[in-house]
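Student: Residue strings, one per chain:
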Amino acid sequence: MAQDTMSSPGTITPAMAGRSRNKFFQKKIVPWLFIAPIFLLHLFIVALPSLSAVYYSMTDWSGLGAAEFIGLENYRELLLDDKTFRIALGNNVTWLLIFITIPFILALVAASLLAAIKRGAMPIRASLFIPYILPSVITTTIWSNLLSPRLGVLKQLPEAIGLPGSDIALLGNTDTVLPTIAFIDNWHFWGFLMVLFLAAMQNIPPDLYDAAKIDGANRWHEFRHVTVPGIRPTLVLMLLMVSIWSFLVFDYVWILTQGGPAGASEVLGSHLYKQAFLRFEAGYASAIGLTMSMFALCMIGVFAFLRKRGWEI
Amino acid sequence: MASITQDQAAPAQNQATPAEPSLLWMNIRHGALYVLLIFLALIFVFPFVWSFLTSVKSPAEVFDQGITLPAVWRFDNYANAVESYNLLRYLYNSIYVSVVVAVAHLALASTAGYAFSRLEFPGRDYLFAVVVATLMVPSQATLVPAYILVKNWPLFGGNDIWGNGGFGMLDSYWVLTVPMFATAYGTFLLRQFFLTLPADLEDAARIDGTSEFGIYWRIALPLSGPALATLAIFSFQNMFNDFVWPLVTTRTDAMKTIQVGLAAFRQEGTTDWTQLMAGTMIATIPILVVFMLGQRYFTQGIALTGIKG
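Chains as they are written, first to last, in my numbering: chain A, 2 to 314; chain B, 344 to 652.
None of these hints come from the bench; they were simulated from the model.
Everything numeric in this text was worked out from a predicted model, so none of it was measured.
Some clues are possibly wrong.
[As the list claims (entries may be wrong)] List of simulated lysine to aspartate or glutamate pairs, EDC-like, C-alpha gap at most 16 angstroms:
#: 1; chain 1: A; residue 1: Lys24; chain 2: B; residue 2: Asp551
#: 2; chain 1: A; residue 1: Lys28; chain 2: B; residue 2: Glu463
#: 3; chain 1: A; residue 1: Lys24; chain 2: B; residue 2: Asp546
#: 4; chain 1: A; residue 1: Lys28; chain 2: B; residue 2: Asp546
#: 5; chain 1: A; residue 1: Lys28; chain 2: B; residue 2: Glu545
#: 6; chain 1: A; residue 1: Lys24; chain 2: B; residue 2: Glu463
[What the hints assert, rightly or not] So the derived list for chain A, only partly shown, Cβ under 8 angstroms to chain B, looks like this:
#: 7; residue: Trp33
#: 8; residue: Phe35
#: 9; residue: Ile36
#: 10; residue: Ile39
#: 11; residue: Ile46
#: 12; residue: Pro50
#: 13; residue: Leu129
#: 14; residue: Asn146
#: 15; residue: Arg151
#: 16; residue: Leu152
#: 17; residue: Leu197
#: 18; residue: Phe278
#: 19; residue: Gly290
Yeah, the Cβ is synthetic: ideal placement off N, Cα and C, and Gly gets one too.
The shape of chain A in the complex, shown without the other chains (with noise of 0.2 angstroms):
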């Protein structure tokens, strides 16, 4: 010991110069080597496209040869002269006011049902999902079969029982066609919600039912005092995403009716692919996608303006 302190300053052995060099590089190297992929590709695949957005909104621009600066041209012409910009914005917003209404009430419902069960709970829960976990491309086919005028179930089911059938082309009136598509996605998706809201409401302490019963708490003061504020977190999470996705919707839509008939389906989403990929129009598409994102962002500002108000969300 005493040997080893007074030869360290002066000699240093082959074996430790290896240990400080390999320690060195455990620590200062090794975990720059753990994230450098991840951060390379969010570079490249995000960061990178997310900043040349903001230079080609404006531009006028084709995507091919070269680009034309002309300021914030594309955004002027987009909130003042674009009719089709201002139907699909329409759109998207009573698309959001569909979907942060029916699938919430609906997934509420099934959830606290479910919760109160224990036996047989997962095959019931597995079928309620399973339109969760099916590609929009195999739901909007069931659907669009379903609902087809002449081999439908709207005709079909109710003449079954000698009632008359409705032939209407949901998907080809410009009065029922956005709601429809609302519809099937919905049929989709809330499965996801009633989930992650059973997931929450198993994670209540169960004496809180307890004490509410001896209160003589009914079924709605339980639901309304214990079960919501449970899972109030997860609600309100959810509800801050739902707002955000409203304004990306774009599959649904494109696959049943590519934003027709007549543009009574357009929404932001289907505008830009159009402009992007139909018309050429790159400068113009990125102008759309950021609008799209500021409202996305907006809605996170609601949110917080909403709890800086003392709101308890």
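Given chain A's structure and the hints, the job is docking chain B onto it.
Tutor: Chain B in isolation, oriented as in the chain A frame:
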């Protein structure tokens, strides 16, 4: 409990045997609950049954026949669908791409998640915040620039070194997989999971001189089975179901994924519903199998984070 019994059971019975009527009532209510839930579940199963029936009918039977079983169960609709739709190629593409991306997510998210939870380096938490913040960037905002980036990737698909002249990565497995590798969700999920692991084992190994990679590989990963399974299943499902990116980056039929391929048939205004539904049923099988195998991880993963992948 007491007050409910008193309200709803007859007072005389209530005094004699307080437990019995309440139990009967509970059973009835319980039974009603099951009936209601099973009815609800049937509503959700019905579209699948209808679709399956359509897929085994003859084209004539599909129209104006009412709700009937097919006269002959035509399973050759399935063979015809496979033949006329190039279905197997689409399925192969979808499964291949989904598996590659899921494996990449496991490797990338676990290494990054390990570093963000267990290793110390300057700016760690700041960098982690940046990665998580990218979750909030909607894919639509980056769709056009990302498309232009892969189209102009140098020395790919006939491009020169400046990225001009060809189609770049478009219409290849490269474009369907590599840009999907970034997984802020997975990094977040695994970091949170690693944080719950006890640090003692790792510290002991570190003192024994095990390298950081050795600790990650031999200690952290083997303890993380459930979290890794959750991520793998989520990534697979997300990739298998993805629509927009394959839609914009594939051109030839041979590179289409099942979602894009089926959507194209629908939009061609195909009239043969029997074949289309047969194709749809086939396309459902892989995702159903994955769901059946990993149902537990599926619902756990959703409950754990509340965020889609």
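Student: Run every hint past the structure and note whether it holds.
Tutor: Tested hints:
1. A C-alpha spacing of about 13 angstroms is found between Lys24/A and Asp551/B, which places the hinted pair at or below 16 angstroms, so the restraint holds.
2. For a cut-off of 16 angstroms, the pair hint linking Lys28/A to Glu463/B stands: about 8 angstroms separates their Cα positions.
3. For the hint pairing Lys24/A with Asp546/B, the CA-to-CA distance comes to about 14 angstroms; that is within 16 angstroms, so the pair holds.
4. About 14 angstroms separates the Cα atoms of Lys28/A and Asp546/B, which keeps this hinted pair within 16 angstroms; it holds.
5. Annotation: proposed proximity of Lys28/A to Glu545/B holds, straight-line Cα distance about 15 angstroms (limit 16 angstroms).
6. Proximity of Lys24/A to Glu463/B is assessed by CA-CA distance (about 13 angstroms); at most 16 angstroms being required, the pair is judged to hold.
7. With its C-beta approaching chain B no nearer than about 7 angstroms, Trp33/A sits inside the 8 angstroms limit, and its interface hint holds.
8. Interface restraint check: Phe35/A against chain B, minimum CB-CB distance 4 angstroms, threshold 8 angstroms, status holds.
9. Taking 8 angstroms as the C-beta contact cut-off toward chain B, the hint placing Ile36/A at the interface holds, the least distance being around 5 angstroms.
10. Because the closest C-beta pair between Ile39/A and chain B is about 4 angstroms apart, less than 8 angstroms, the hint holds.
11. Hint on Ile46/A holds. Least Cβ distance to chain B is approximately 5 angstroms, under the 8 angstroms limit.
12. A cut of 8 angstroms between beta carbons decides the hint on Pro50/A: the least distance to chain B is about 4 angstroms, and the hint holds.
13. Residue-level restraint check for Leu129/A holds (minimum Cβ-Cβ distance to chain B is 6 angstroms; threshold 8 angstroms).
14. Contact between Asn146/A and chain B, as hinted, is supported at the beta carbon level, the nearest pair being about 6 angstroms apart and thus within 8 angstroms.
15. Interface hint at Arg151/A: satisfied, since its Cβ lies 6 angstroms from the closest Cβ of chain B, which is below the 8 angstroms cut-off.
16. Because the beta carbon of Leu152/A sits about 5 angstroms from the nearest beta carbon in chain B, less than 8 angstroms, this interface hint is met.
17. For the restraint placing Leu197/A at the interface with chain B, the shortest Cβ-Cβ distance is roughly 6 angstroms, inside the 8 angstroms limit, so the hint holds.
18. The interface hint given for Phe278/A holds, since its Cβ lies 6 angstroms from the closest Cβ of chain B, which is under the 8 angstroms cut-off.
19. Using the Cβ-Cβ criterion of 8 angstroms, the hint placing Gly290/A at the interface with chain B is satisfied: the shortest such distance is roughly 4 angstroms.
The earlier numbered hints are all upheld by this structure, with none contradicted.
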